[in-house]
Each structure stands twice: as structure tokens, then as C-alpha cells.
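Participant: Throw the hints in and build the complete structure from the sequences for me.
Spelled out, the chains give:
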Amino acid sequence: MKSTWVRSAARALLVAAPLFAALALPGARAAEPLKVIVPWGAGGSSDTFARTLALSMRETLGREIVIINKPGAAGTLGTTLVAQAEPDGNTIGFSALAPFTMQPHLRKLAYDADSFAYVCEPAASPMVLAVRDESPFKSVADAVTFAAANPGKLKYGSPGPGSLPHLAMVELGLKAGVKWTHLPAKGGDMGNVRNLLGGHIDMVPIQILPLASNPIRALAVFSDARLDDLKDVPTMKELGYDVSHVIWNAMVAPKGTPEAKLAEFEAACQTAAATPAYKALLKKVRVPDTFKGRAALTAYAKAESDKFKVLFEQAGMKKKD
Amino acid sequence: MFDSLALVTSPDILLAMVGGTLLGVVVGAIPGLGSILGLSIVLPFTFGLGTLPSMALLLGVYAGSVYGGSISAILINMPGTPQSAATSLDGYPMARRGQAGLAIGWASVASLVGGTFSAFVLMTVASPLAHFSLQLGPPEFFALTLMALVCVAAVSRGSMVKGLLAGLIGLFVAVVGGDPITGDLRFDYGILELSGGVNRIAVLIGVFALSEVFVQAVQLHDTAEYPNTGLGFRLPAWGPLAARWKTFVKSSAIGTFIGILPGTGATAASFVSYIEAKRAGRFREKFGTGEPEGIVASEAANNAVTGGALVPSLALGIPGDAVTALIVSLLVIKDVQPGPFLFTENPQFVYSVYWIFFLTNFIMVVFGALLTPVFTRILKIPTELLMGAITIFAFVGTYSLSGSAFEVVTCLVAGIVGFLLRINRFPLSALAIGLILGPLVEESLRQSLIVTDGSFPAIFLRPYSGLILVFTVLLILALNLKGRDRRGGKG
Numbered sequence: 004m005k006s007t008w009v010r011s012a013a014r015a016l017l018v019a020a021p022l023f024a025a026l027a028l029p030g031a032r033a034a035e036p037l038k039v040i041v042p043w044g045a046g047g048s049s050d051t052f053a054r055t056l057a058l059s060m061r062e063t064l065g066r067e068i069v070i071i072n073k074p075g076a077a078g079t080l081g082t083t084l085v086a087q088a089e090p091d092g093n094t095i096g097f098s099a100l101a102p103f104t105m106q107p108h109l110r111k112l113a114y115d116a117d118s119f120a121y122v123c124e125p126a127a128s129p130m131v132l133a134v135r136d137e138s139p140f141k142s143v144a145d146a147v148t149f150a151a152a153n154p155g156k157l158k159y160g161s162p163g164p165g166s167l168p169h170l171a172m173v174e175l176g177l178k179a180g181v182k183w184t185h186l187p188a189k190g191g192d193m194g195n196v197r198n199l200l201g202g203h204i205d206m207v208p209i210q211i212l213p214l215a216s217n218p219i220r221a222l223a224v225f226s227d228a229r230l231d232d233l234k235d236v237p238t239m240k241e242l243g244y245d246v247s248h249v250i251w252n253a254m255v256a257p258k259g260t261p262e263a264k265l266a267e268f269e270a271a272c273q274t275a276a277a278t279p280a281y282k283a284l285l286k287k288v289r290v291p292d293t294f295k296g297r298a299a300l301t302a303y304a305k306a307e308s309d310k311f312k313v314l315f316e317q318a319g320m321k322k323k324d
Numbered sequence: 022m023f024d025s026l027a028l029v030t031s032p033d034i035l036l037a038m039v040g041g042t043l044l045g046v047v048v049g050a051i052p053g054l055g056s057i058l059g060l061s062i063v064l065p066f067t068f069g070l071g072t073l074p075s076m077a078l079l080l081g082v083y084a085g086s087v088y089g090g091s092i093s094a095i096l097i098n099m100p101g102t103p104q105s106a107a108t109s110l111d112g113y114p115m116a117r118r119g120q121a122g123l124a125i126g127w128a129s130v131a132s133l134v135g136g137t138f139s140a141f142v143l144m145t146v147a148s149p150l151a152h153f154s155l156q157l158g159p160p161e162f163f164a165l166t167l168m169a170l171v172c173v174a175a176v177s178r179g180s181m182v183k184g185l186l187a188g189l190i191g192l193f194v195a196v197v198g199g200d201p202i203t204g205d206l207r208f209d210y211g212i213l214e215l216s217g218g219v220n221r222i223a224v225l226i227g228v229f230a231l232s233e234v235f236v237q238a239v240q241l242h243d244t245a246e247y248p249n250t251g252l253g254f255r256l257p258a259w260g261p262l263a264a265r266w267k268t269f270v271k272s273s274a275i276g277t278f279i280g281i282l283p284g285t286g287a288t289a290a291s292f293v294s295y296i297e298a299k300r301a302g303r304f305r306e307k308f309g310t311g312e313p314e315g316i317v318a319s320e321a322a323n324n325a326v327t328g329g330a331l332v333p334s335l336a337l338g339i340p341g342d343a344v345t346a347l348i349v350s351l352l353v354i355k356d357v358q359p360g361p362f363l364f365t366e367n368p369q370f371v372y373s374v375y376w377i378f379f380l381t382n383f384i385m386v387v388f389g390a391l392l393t394p395v396f397t398r399i400l401k402i403p404t405e406l407l408m409g410a411i412t413i414f415a416f417v418g419t420y421s422l423s424g425s426a427f428e429v430v431t432c433l434v435a436g437i438v439g440f441l442l443r444i445n446r447f448p449l450s451a452l453a454i455g456l457i458l459g460p461l462v463e464e465s466l467r468q469s470l471i472v473t474d475g476s477f478p479a480i481f482l483r484p485y486s487g488l489i490l491v492f493t494v495l496l497i498l499a500l501n502l503k504g505r506d507r508r509g510g511k512g
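Order-wise, the sequence lines are chains A and B. Letter by letter, the first sequence follows residues 4 to 324 of the working numbering. Letter by letter, the second sequence follows residues 22 to 512 of the working numbering.
Rather than coming from a laboratory, the hints here were simulated on the basis of the structure. Keep in mind that the hints are not guaranteed to be accurate.
To give an idea of the chain B side of the interface with chain A (calculated C-beta under 7 Å), a few residues [stated by the list, open to error]:
no.: 1; residue: 61
no.: 2; residue: 203
no.: 3; residue: 217
Simulated pairs of lysine to aspartate or glutamate, EDC-like, Cα-Cα distance not exceeding 20 Å [said to hold, decoys possible]:
no.: 4; chain 1: B; residue 1: 355; chain 2: A; residue 2: 292
no.: 5; chain 1: A; residue 1: 287; chain 2: B; residue 2: 356
no.: 6; chain 1: A; residue 1: 310; chain 2: A; residue 2: 115
no.: 7; chain 1: A; residue 1: 158; chain 2: A; residue 2: 136
no.: 8; chain 1: A; residue 1: 73; chain 2: B; residue 2: 342
no.: 9; chain 1: A; residue 1: 189; chain 2: B; residue 2: 205
no.: 10; chain 1: A; residue 1: 38; chain 2: A; residue 2: 262
no.: 11; chain 1: A; residue 1: 182; chain 2: A; residue 2: 145
no.: 12; chain 1: A; residue 1: 282; chain 2: B; residue 2: 356
no.: 13; chain 1: A; residue 1: 189; chain 2: B; residue 2: 342
no.: 14; chain 1: A; residue 1: 156; chain 2: B; residue 2: 474
no.: 15; chain 1: A; residue 1: 178; chain 2: A; residue 2: 241
no.: 16; chain 1: A; residue 1: 158; chain 2: B; residue 2: 474
no.: 17; chain 1: A; residue 1: 264; chain 2: A; residue 2: 67
no.: 18; chain 1: A; residue 1: 286; chain 2: B; residue 2: 356
no.: 19; chain 1: A; residue 1: 189; chain 2: B; residue 2: 200
no.: 20; chain 1: A; residue 1: 182; chain 2: A; residue 2: 316
no.: 21; chain 1: A; residue 1: 322; chain 2: B; residue 2: 205
no.: 22; chain 1: A; residue 1: 178; chain 2: A; residue 2: 145
no.: 23; chain 1: A; residue 1: 322; chain 2: B; residue 2: 200
no.: 24; chain 1: A; residue 1: 111; chain 2: B; residue 2: 209
no.: 25; chain 1: A; residue 1: 312; chain 2: B; residue 2: 205
no.: 26; chain 1: A; residue 1: 286; chain 2: A; residue 2: 231
no.: 27; chain 1: A; residue 1: 321; chain 2: B; residue 2: 200
no.: 28; chain 1: A; residue 1: 305; chain 2: A; residue 2: 115
no.: 29; chain 1: A; residue 1: 234; chain 2: A; residue 2: 136
no.: 30; chain 1: A; residue 1: 322; chain 2: B; residue 2: 209
no.: 31; chain 1: A; residue 1: 287; chain 2: B; residue 2: 366
no.: 32; chain 1: A; residue 1: 158; chain 2: B; residue 2: 200
no.: 33; chain 1: A; residue 1: 312; chain 2: A; residue 2: 117
no.: 34; chain 1: A; residue 1: 111; chain 2: B; residue 2: 205
no.: 35; chain 1: A; residue 1: 312; chain 2: A; residue 2: 115
no.: 36; chain 1: A; residue 1: 286; chain 2: A; residue 2: 232
no.: 37; chain 1: A; residue 1: 182; chain 2: B; residue 2: 474
no.: 38; chain 1: A; residue 1: 189; chain 2: B; residue 2: 463
no.: 39; chain 1: A; residue 1: 111; chain 2: B; residue 2: 200
no.: 40; chain 1: A; residue 1: 321; chain 2: B; residue 2: 205
This one's a predicted model, so the numbers in the text were calculated from it and none came from an experiment. Quick reminder that beta carbons are idealized off the backbone N, C-alpha and C, glycines included.
Facilitator: Quick look at the structure:
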């Protein structure tokens, strides 16, 4: 008895199904989730920024946002997917600068820095040149003087060849006219802090978060202006070295995404970057509260990519053809 | 210290621990879904949880997944996580003998001992140990990894040439991708996916699991049916346990120590511990044929890594691998800055984390025991169907590693290579060790040569690396003498 009822109901539903589908179609289209591809693993800094921004952007954009982690090949695997995605405003990407403006100069990729429409830069994390507390170097000049007298003796760390800290030190060495040696170590900033504390390297460019909780100090900051957090630490520019680097994070869309969509994303990103939840996150990871919109970021990304192209050549790293 | 125990037994923390551990065991047991994936699943939940419940959730998943990997390694010769690859070497033969439940029992006891041993180390000497570990730099890492490789050569069963060849294949696969020092791409043939290196988990799944399927397929007409007795969870008896106590202790210590070192990890620890047990264990002659001591060596070590890895993460704020990096970044987001000051400013928090970790190890084994009858039921599936299911799992699991079909191809190729090696009696464990230790040896050697300004002898002119070298040489001598004795005896 019951089973026949169930069966007939099921049959009715089956017949009606295409009808429902037809009804649902226009609505489903509008509500298609926005895919945000993060070319790094879950829990990393790009991922955390993206997820916190998504909390607010979901409401502003009125659609579901799905964060997709696609790590691999120094962030270029996921970024390739962004570059090659249909530019229909349903796929965007979020990452720090390297896959956009650095890796295209190192690897043969299906994209370059010009393959994206840059939407917003909601965070730019400063780098400082750090030494351990008991280091004899009290200033960048001390280190440069020592390096001039002992070419190649000083060792600096970085998270890997071709990373921003690596290039920053290559550039500083060139501008100061000294030679120092690169000792890359895995494990990001903290892997290098480990080598610094153990005395395996003499200095390393890192973000400012580890400064407070480790016996290390900053000689100079790679930003254009002094940081509110570290008022006593001079900038490289003040010290006479024209070296300026910051780890900027960007939301990008594939090039060709409609203007209206880009403007919508930019506005939603700006709103999200101003929410208390996002500001609290910046405070915890000790990243200053700054924002760049589409126009400023697009010009900046272009300038950065050009700068890195030259720097990679100077560092002796170039793409194999 | 004990008021923290009361704190961590509050309902929300207990629930997070139990839930996290259950998820961890299940995720660990399913091939291809490893610790990182489990942590990614629970990460969004931590946004709404307090700091301690979040830690309980993450630690539960972490410890549970490392343990869970042993279940599939034993039952279907397919390590659920790469950390358990060494477990399958003796666990699977045991299961084939109709002792699946008992093998899982051994793995459970070993995991419990390894996990709690490392928890105890964490509780007592985390801070001094972490500070000491800072002195170990690239030269010491090179000396240590070199010692591990030498041991492999020394204990290879059967043909030494075959062992070395298999090891070389592993080393070669590990070389693909970016040069660790210069960044030059090696053997990438212009393929983007290869520029990031061959996915080692996909290779391990292919070599260990898929190749087994191929072997079974070829021999299907003459294989003995998989015995489906002994499927209930069974703890080993006291006698056999006590007979292997040295391996329990040694493997736990090896695991904890390797856990403290950055970037080495549980997979390397379980293999190193397995090699050591095969060299010095009481039942070494039976290794590879279903000897519980092999399971103990692998499982005690890989679970001890979890506590060891927490030592520098909490005491210095320096995570050594992707999992602890995730835990450290979670703490930062929760406004807890791990590092030396954490121990003085917030000792209660530190003790609470210790207790959570300690209790998690027990919960994990309880779940293992409860779930064993469920998992072992898959052995009642006819071999043909089971092999089909394993193939599907291998591909789904490798696909999920990074959502890329390329990993599936990697796994397939590794499976074919593994099959050819298997039927020609090459030791697959040597290949795995080359694959796992290769990058560590290479990176630490290259870094060492930078530290010593290019001088090779200078690498060993440091106290700890020198000590390790002396120990390695003694080890080789001891093995040679033993070998000569045996030959003499035969002659």
C-alpha cells in the first residue's frame, strides 16, 4: 500500500523534474557561486586573507563564495587556472605577488603578469632585514662594511631561490656594491628565523610578525616609509639604498572579465577590507591597514613585473626556453 | 598542571577532541586523504571556536590521521597516509595470514606508546629540547640523513644490487623539479606540473597499492583467497609485547627526535625506525614476512613524530612541516603567539595543549578498536571486486591531492614501475626510502656546502655532525663484521 504511494509520488516527481529545472534555471544562473582560487594550501596567509574577505563579500555580492585551494609549482598551478578561466565573473583568484609578477619570469607558463585584471590589494605585508639580538651588526651599514671587507662571508636566508626575500637581498647587495651568500631554507619566515637563531645565517628579510616573539631585531625595513609598528627602524631608502619591496596580496580576475563585474568585485573587496573582522586579522598578523583599488594596483603590478624581470637577470636566474 | 586537566575535560573541548580524532582516523584510513586534507576540512570550524577547542580539533585530526593510515596499510597494502607506508611492509603480510585484527591491535598499541611517549617528552623537556635543536643546522641534517641512507644499504634483503637500484630510482624521482638552491628546473620537460616536482604521495600510492593490484591481476587464477578470519580487533598478548619492548622505546625516541627536526616528517621517521629495527630488532630475521615488530617500529615512530613536531612549534613558534605550520598560524589568528614567552606568560594554555594531546592518543586507539570490525569487513569482498575498489580509491585519492589529473597519471606510472619491480623482486621499501630521504639529503648537503664555504670535510668538523659520522662508521663496521661472521658460519 505504502510502497505504491511512494512509487507513484516518485513517478510524479520524475515527470515534473524537467519543469522544476526549467523554473529554477534563471534563478540558478544568478546565484552561481563565485569561485576564488587560492594557489596555496588551506591555512596559509593568502588563504586566511581570502577566507576572511569572503565573509563580508558573500553578503555584499549576494552570492555564495567557494574558496578553492590549488597548491603546487610555487603557486603557478592554481594561478594558471585563474588565467585560463572563462572571464565571466564566476572565477577569480587571490594570492601574494609571486605567481603573478615573479614566476612568469622563471617558468614557462601559459600566462604572464598581463593576463589578469587586477581587482584590489587588501593587504601588503612589510619586510624587515632581521638579525639575531646578539649580532654585532647594529645597522645595515655595519653589515655592508663587513661584507665589503669579507666578500661572500655573510650569509642571508630566504624561503627559496627566486623568492622575494632572495631578490631583495640580491638587489641590496648590488646597490651597496657587496657580495653575500644565499642560504635558502624551507619553512617560510619561521624556517629562516630558526636558521638565524641557530647561527646558520647572519641575516634574513622577513615579515614583522616574528619580531615580537623571538630574540631578533630589525636593522631596516624594505618599505617606502617607516612603519607605525616600528617607528625607530629606518627604511632602506633613508639609508641610501634604493631598494623597496613589500609582500602585496591581490585579488585578480581573468583578463576580459566585464567591467561591471570588476567594479562590483572591487567595491565588495573594499567593503570587506574595512570590516572589523578583517581589520582584526591584519592587527594579529601585524600587517598595516592599506588598500589599493583597480587603477592603482594595475599600474603597480606592471611596474613590479618589469622590476622583477631585471632583478632576475641580475640574480642570474632566467627562464629556460 | 592538573588544573589544566580539569580544564580540558570540559564538554566542548572533549567534543572537539572526540570529533576531531574520529574524523582523523577515518580520513587517515582512506587512501589519498591525508592529515592536511583532514585539517582543511575542520579549519573553517575553528573560526567560530575558542582557542582550546580549536586546538583539540586540530590535534585530534592530526594524531588520528597518522594512526588511521595504518589501518588501510595493513588491510589492503595501501597506506592511507604516506606516514604509514612502512607499516604495510609487515602489516599486510600479517593480514594475509588471517591476522588483520591482531595487526591493527599491534599498530594501535604502538601508536599509543609512540604518541604518549612524545606527549611526555613535550610535557617535560619541550623548552630546553627546542632550544638545543636550534644548534642542529644543515651539516647535522646531512650527517643524519646520510646515516639513514647507509643503514638502508646495509640492511637490504636479498640482492644488494637490486636494493641499490630501487633506491636510485627513488632518488631520481626526487630530483625532478626545482633545484633547492638555484631554483633551476630539472627534468621538467616543459611540463608545468613537473616543475613543482613529482608528487611523492601519488608515487607512494602507485608503488605500494596499485602495483599490488597489478600483481594480483596477473596471478588471479592461482592466488589463495584472502583469509577472512581474525577480523575482530585483537590486542597483542603481554608476552609478545614484552619481547619487543626495546623496539617500542627506540622507535618512539627516533620518532620524537625526527619530529623535532624541521622538514623531515613522519614518513621519513617511520622508515628510519623500520630500518633500525630491521638492523637491530630481536625478530629482524622475520621482517617483511608479517613480523609485528615491523609494525611497531613504523607506527610507534610515526605517531611519536606528532608530539615531537609540536615541540619547536610551541616552544619556539617554529613549525617544521605543513601540519604544524597550520597549527601555529591558527594560534596566531587566535591571538596566542607561540614561542619562548608563551611558556612563561601562559603556562596554563601550554599544559592544556599537552593534556589534549595526551588524551587524544587514547581516544584514537578506542576509535581504532571500535572501527576495526567495520574496516576489516572490506576483506570479505571477493578479491576481484576489492582490487577494483582499490584501483578506484587510488585514483580518487591521488586526484584529491591537488585536484589535478596529472597526479593520477603519476600514480599510474608509479604503479606500473612498482609492478615491474615487484615481479622482479626489487625491494620497494628501498625505492620509498630514496624518494623520501633523497630531497632531504640533497638539500642539506647543498646547504651545508654553503655554510662551510664549499668545503666537504668541514661539514663533519662540527661537534654534532662529527659525532654522527663516527657513529655511522661504527655502524658500517659492526654490520660488516656481522656479515662476515654469518658467511664464516655458513662456510
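Participant: Are the hints correct? Go through all of them and say.
Facilitator: Against the structure, the hints:
1. 61: OK, holds: residue 61 of chain B within 7 Å of chain A, min 4 Å.
2. 203: 5 Å, holds
3. 217: With a closest approach of 3 Å, the residue 217 of chain B hint holds.
4. B:355 x A:292: Holds: residue 355 of chain B and residue 292 of chain A sit about 19 Å apart, inside 20 Å.
5. A:287 x B:356: Holds - the C-alpha atoms of residue 356 of chain B and residue 287 of chain A are around 6 Å apart, at most 20 Å.
6. A:310 x A:115: The hint holds at about 14 Å.
7. A:158 x A:136: Holds, at roughly 16 Å.
8. A:73 x B:342: Holds - the C-alpha atoms of residue 342 of chain B and residue 73 of chain A are around 18 Å apart, at most 20 Å.
9. A:189 x B:205: 16 Å, holds
10. A:38 x A:262: 18 Å, holds
11. A:182 x A:145: Answer holds: residue 182 of chain A to residue 145 of chain A is near 14 Å, not above 20 Å.
12. A:282 x B:356: Answer holds: residue 282 of chain A to residue 356 of chain B is near 14 Å, not above 20 Å.
13. A:189 x B:342: Holds. Residue 189 of chain A to residue 342 of chain B sits at ~9 Å (cutoff 20 Å).
14. A:156 x B:474: 8 Å, holds
15. A:178 x A:241: Holds, because 14 Å separates the two Cα atoms, which is no more than 20 Å.
16. A:158 x B:474: 10 Å, holds
17. A:264 x A:67: 15 Å, holds
18. A:286 x B:356: 10 Å, holds
19. A:189 x B:200: The given pair, whose Cα atoms are some 12 Å apart, holds under the 20 Å limit.
20. A:182 x A:316: 16 Å, holds
21. A:322 x B:205: This hinted pair holds, its Cα atoms lying about 8 Å apart.
22. A:178 x A:145: Measuring from Cα to Cα gives roughly 15 Å; hence the hint holds.
23. A:322 x B:200: 13 Å, holds
24. A:111 x B:209: With Cα atoms ~11 Å apart, residue 111 of chain A and residue 209 of chain B stay inside 20 Å; holds.
25. A:312 x B:205: 16 Å, holds
26. A:286 x A:231: 12 Å, holds
27. A:321 x B:200: 13 Å, holds
28. A:305 x A:115: At roughly 10 Å apart (the allowed maximum being 20 Å), residue 115 of chain A and residue 305 of chain A satisfy the hint.
29. A:234 x A:136: 18 Å, holds
30. A:322 x B:209: 13 Å, holds
31. A:287 x B:366: 18 Å, holds
32. A:158 x B:200: OK: residue 158 of chain A and residue 200 of chain B at ~19 Å, within 20 Å.
33. A:312 x A:117: Roughly 13 Å between the alpha carbons, so the hint for residue 312 of chain A and residue 117 of chain A holds.
34. A:111 x B:205: 12 Å, holds
35. A:312 x A:115: 12 Å, holds
36. A:286 x A:232: 10 Å, holds
37. A:182 x B:474: The hint holds at about 14 Å.
38. A:189 x B:463: 13 Å, holds
39. A:111 x B:200: 16 Å, holds
40. A:321 x B:205: Satisfied, since the Cα-Cα distance of roughly 8 Å is no more than 20 Å.
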